[in-house]
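Asks: Below, each chain spelled out in residue letters.
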Amino acid sequence: MKDNDRKRYLASVTDRFAKGQMGRRQFLKASAALGLAGLGTSMIGRPSGLFTPAYAQEALTPSPEVIAWLKDVAKPFAGTTLKLATEATPPSNALNSQLKGYFEEATGIKVEIEILPLEQVLQKLTLDVASSLGTYDLYYIDQSWAASVSQDVFDPREQYAANAALAMPNYNLDDFLPALVDGICVYEDRWVGVPYDIPVFIMIYRKDIYDQFGLKAPATLAELLSNSEIITKEMGPTVYGTTGQMKSGHYSLECDWTAWLWGHGGSVFGPDGKFTGNDDRGLEAMAYWDKLKATMPPGVDGWTWDGQGQSVAQGVAASMLSWGEFFPYFDDPTQTKVSGLCEVAVPPAANLLRTSAETGYGEIPGVGHQGGSSLAVSKYSKAPDAAWIFMQWATCADTQALITSLGGGTGPTRASVYEDPRVLANARVGAGTTRHLNVVRETIANHMGSEPDLPEWAQLSSDTIPVGLGKYFAGGYGSAKEALDDIAGQVGKVMEG
Amino acid sequence: MSVAQVKRIAISDSPVPWLAPLVALLVVFTVYPLLYNIWLSFHEFVPKRRALEFVGFENWVQLWGDTRFWSAMGVTFVYFFVALFFQVTLGMGIALLLDAELPGFGMLRAVLSMTLVIPPAIAGMMFLLMQDPQFGVLTYFLSQLGILDQTSPILSTSSTALAGVLVVEIWQWTPFMVLIFMAGLRALPPEPYEAAMIDGASAYQVFRRLTLPMMSKVIAVAILLRGIDLFRVFDYVFVMTSGGPGTATYSMSYYAWQQTFTATNWGYGATISLVSLLIVIVMANVFISVFKIKW
Amino acid sequence: MHQSRPTRLLRTLAGWVVVGIFFFPIYFWTTVAFRNAKDIFNWPPKIFVFEPNLHNFEEVFGISLTLGPQVVNPGGGNFYMAPRLLDSIIIATFSTLLAIVVATGAAYCLSRMQFRGRHHFVNWVLSTRMMPPVAVAIPMFFIFKQFTLLDTYTGIIIIHAIMNLPLAVLLMKSFFDDIPTEIDESALIDGASRWTIFRRIVLPMAKGGIAASAVLCFIFSWTEFLFVLTLTQTSLKTVPVVSSTFVTSIGTAWGNMAALGAAAIIPAFIVVLLVQRHLVRGLTMGSLKQ
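Protein chains in written order, with the numbering used here: chain A, 1 to 497; chain B, 498 to 792; chain C, 793 to 1082.
Incorrect hints may have been included.
Cut-off 25 Å, straight-line C-alpha distance, at most; resulting in silico cross-link-like pairs (SDA-like, lysine to any residue) [said to hold, decoys possible]:
(1) Lys-382/A - Leu-549/B
(2) Lys-791/B - Leu-709/B
(3) Lys-937/C - Leu-635/B
(4) Lys-293/A - Thr-648/B
(5) Lys-207/A - Asn-834/C
(6) Lys-293/A - Leu-225/A
(7) Lys-838/C - Ala-1055/C
(8) Lys-291/A - Tyr-361/A
(9) Lys-493/A - Leu-225/A
(10) Lys-937/C - Thr-657/B
(11) Lys-382/A - Leu-1023/C
(12) Lys-481/A - Asp-279/A
(13) Lys-293/A - Thr-657/B
(14) Lys-937/C - Lys-791/B
(15) Lys-75/A - Lys-100/A
(16) Lys-337/A - Leu-635/B
(17) Lys-71/A - Ala-167/A
Across the chosen pairs, the derived CB separations fall in these ranges [to be verified]:
(18) Asp-696/B - Gln-906/C: 36 to 46 Å
(19) Phe-574/B - Thr-799/C: 53 to 63 Å
(20) Phe-840/C - Ser-656/B: 31 to 41 Å
(21) Lys-337/A - Val-787/B: 56 to 66 Å
(22) Thr-973/C - Phe-788/B: 22 to 32 Å
Hints were generated in silico from the structure; no laboratory data involved.
Each residue gets a CB set at the ideal place from its N, CA and C atoms; glycine is no exception.
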């Protein structure tokens, strides 16, 4: 169908829908069939900074069944106030700015969400847990902290079973992708909340540049390196082959490290619980990383994923293996120079992968490093029941579909949400796109890597390891072996406590 | 209390009623945290048992042998001396420069003080952006001048990272010193200067023999106030470098924060804080006695 | 001091250049507030040429001028921060008032009254500023929780006032030291009480000093970070802490951050401007009589 015709037909469809001459389902089907690029720009004005719903606002409201359940179950709790501190991720932003209102209206429970950078969330969490003061009712728990706080939250399975009166119908704990449950929430056979968000490494690359050089999405690590070298050689220093998140002393550096480490058959820990990042495979990974770094812009040493994302968004880097959450941002023409030019693929295949039996502390090697978080109710909360109601609502399939549609195309943690028509409808070029979600889902299923779970991991991953690696890349060690051996020593000291 | 009693206290020469509110507030704010931190330094937080356990002198012993601690101390001292040096000399220089009724100088003096009203955390982010190796304005200027190689990012190269942070520090706080010094200059008596002019003294001689000695008290107190804050540097490191690269910008306050929150070693964090406090107290007291500052 | 014309010219030029250098980062930052991300990240960086727009300000302040009503949610958008500006103003103003009220009397006493251990007392006051911030923040967290001061305006006002007391006391003491004690003594001989002397004679003479101390207290409260971070949750936040919300998981919203930052300079700068005459004239650390 020609573009003009499509737009005209779309307009008439929309018109009929707005006039009530067409049911919602029909409208969704019709607009989906037409491809929603037209719908997106005709219904809404210029897209706002980071998040743009491709739908009319009316289509994106919670389902009536959910609202009815909320009104019913929350009656005794009206007037309570719940507090939560979370990272500024798209789901949290979507909840806080747009969806929370529905919950508050239906239940009379006030929800206050504090949105902070990750380090500050950790500070608040630590303080609250260590003092058991119950300042927060719900916790946002990054998977690297799960082991430290497993005893301070309720296991949602127990909550669901214990409170029949408060259990949400069709909440369906099995709907959460099992790989995510294992990687994010499970610690010593407890569930530390339910998976809430899943930033995971996928391969994002500039199709136009790749086409220019006749390159295809890298299927192996070697291809990634050779692709990046070609691009850097031909287009540098204006454009580099790839980029990284390698800020010294920051968690992001550790994330990058694990991708290459696991990709070369290495692991952080061995089955005996000792650090193995400095074994032969670990050193192989470092050698590879050194070569790859030469194809990255010089700024990588000072960037977290933030700077990394900007380098792709502003056209300085031609590819990145990083959080899929960035992808919708890249498609926003007001913020980036690469809207519509990027494509996604699953991470390059690992050369070799250790199995979990060969690693320690539940570490699951995989090139697609995941940084998911869970949402859980605090044991010290003064209003655990009200908090449980909110938690169920915030993580149910309906709300998650809304979050994904409104919240800039972030990856859902529930299998059913991937198929939700509202989510599928957003799979077009433009801010808030969801066209990368197939790749995200496949990565989760087949290529995901999860960090080890132990109480000291927060310190190791946010400080010990990235400070050592940062020093290495700044030239503070004679060789990679020396650096990793030193890190091994320090890890040992921390583990001894 | 009866009115008569209140009146009697007000008339009497006892310092107590004047100082009581101050003491009350300060005691809560300082004595309790001090005691708490001392107590904490003899304990440690054990995550498995969710409790603080007594560990005796272990934290202190560990501190003694901790290379990262000594490195942090070194970083803090370097930061302290370099920043202080530049802030005092530049501050004095600019104060002398702007201490005149030349066109627009009133406005210039006001504009200069704008750097002080920017929260340090934001100033840090500003300069982070300006020093970005790919897109930064400062990087651009420096590379045009040939001083900087674009492949060595300022904040990620060990040798220049601290300098990158110091730039913000000096930029933001030199005006603080300028304000204090300008006020000091304004209060100087004009007679000695008139005499010097009659005698035909040069500007340099006037400065060295007249201004400097008369301003010494002002300079000393300014150094004291600023020095105390310099030693506790946290905001810039937190926002700009996370102590990196490696440990090149790891300050003592940052180390204490990191140990307390990321590592949940509360006792160890408290120990670091106490040592930092001790050093500052000693330095301040030495300074006060050397410069004969008498309150 | 009279200087020759060329010297004056040179000096004027030098003054403008120096202050210009200091001002440049502020200028640059303010322009970032008016840009899209596309224009912030360029090489060579765009200093003067870019497409200005009010986008960032609208998101931060929730007013829609050029954007449609669906896009900006007044009072509910992701980056709506305007109330925080108000919080900052309230906290800085009241904590300054509290600090000055407590400090002035104490400073007068320390300046005029001799008592044993006075020197050490002042040293102690000064030392209360020497603890690393994190060492004080945590015990304060517990105390605040105990007295339900957590996440309240009162709590933060108190802590900021206390934080500024050493500075205020020291500064004001110097101003009082500058005022000759003979004035006090002659009034005492005439039978006036300390309190009367303080209120009616000395205080008015120290107006400049009070103004100067007030401004510095305001600035330190306006820019303080760690205490507000630790001791507040959702009821209130000040500009420095809320600025870090712009650091999201998918990138830093530099434009919005700059918008808030630029807007935040204005109230504080107004305070400085109003008082700057006194600041420069009155800010002597005294004790020039050696």
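Asks: State for each hint whether it applies.
Replies: Now for the hints, and whether the structure bears them out:
1. Lys-382/A - Leu-549/B: holds (24 Å)
2. Lys-791/B - Leu-709/B: Roughly 19 Å separates the two Cα atoms, so the pair holds.
3. Lys-937/C - Leu-635/B: Status violated; Cα separation ~44 Å.
4. Lys-293/A - Thr-648/B: holds (12 Å)
5. Lys-207/A - Asn-834/C: holds (22 Å)
6. Lys-293/A - Leu-225/A: holds (9 Å)
7. Lys-838/C - Ala-1055/C: Measuring from Cα to Cα gives roughly 22 Å; hence the hint holds.
8. Lys-291/A - Tyr-361/A: violated (30 Å)
9. Lys-493/A - Leu-225/A: With a Cα-Cα distance of about 35 Å, the restraint between Lys-493/A and Leu-225/A is violated, given a limit of 25 Å.
10. Lys-937/C - Thr-657/B: It is violated: about 42 Å lies between the C-alpha atoms, which goes past 25 Å.
11. Lys-382/A - Leu-1023/C: holds (19 Å)
12. Lys-481/A - Asp-279/A: Answer holds: Lys-481/A to Asp-279/A is near 9 Å, not above 25 Å.
13. Lys-293/A - Thr-657/B: holds (20 Å)
14. Lys-937/C - Lys-791/B: Violated, at roughly 40 Å.
15. Lys-75/A - Lys-100/A: Holds - the C-alpha atoms of Lys-100/A and Lys-75/A are around 17 Å apart, at most 25 Å.
16. Lys-337/A - Leu-635/B: holds (23 Å)
17. Lys-71/A - Ala-167/A: Roughly 13 Å separates the two Cα atoms, so the pair holds.
18. Asp-696/B - Gln-906/C: 36 to 46 Å: holds (40 Å)
19. Phe-574/B - Thr-799/C: 53 to 63 Å: Violated: the Cβ-Cβ distance is about 40 Å, outside 53 to 63 Å.
20. Phe-840/C - Ser-656/B: 31 to 41 Å: holds (32 Å)
21. Lys-337/A - Val-787/B: 56 to 66 Å: holds (59 Å)
22. Thr-973/C - Phe-788/B: 22 to 32 Å: holds (23 Å)
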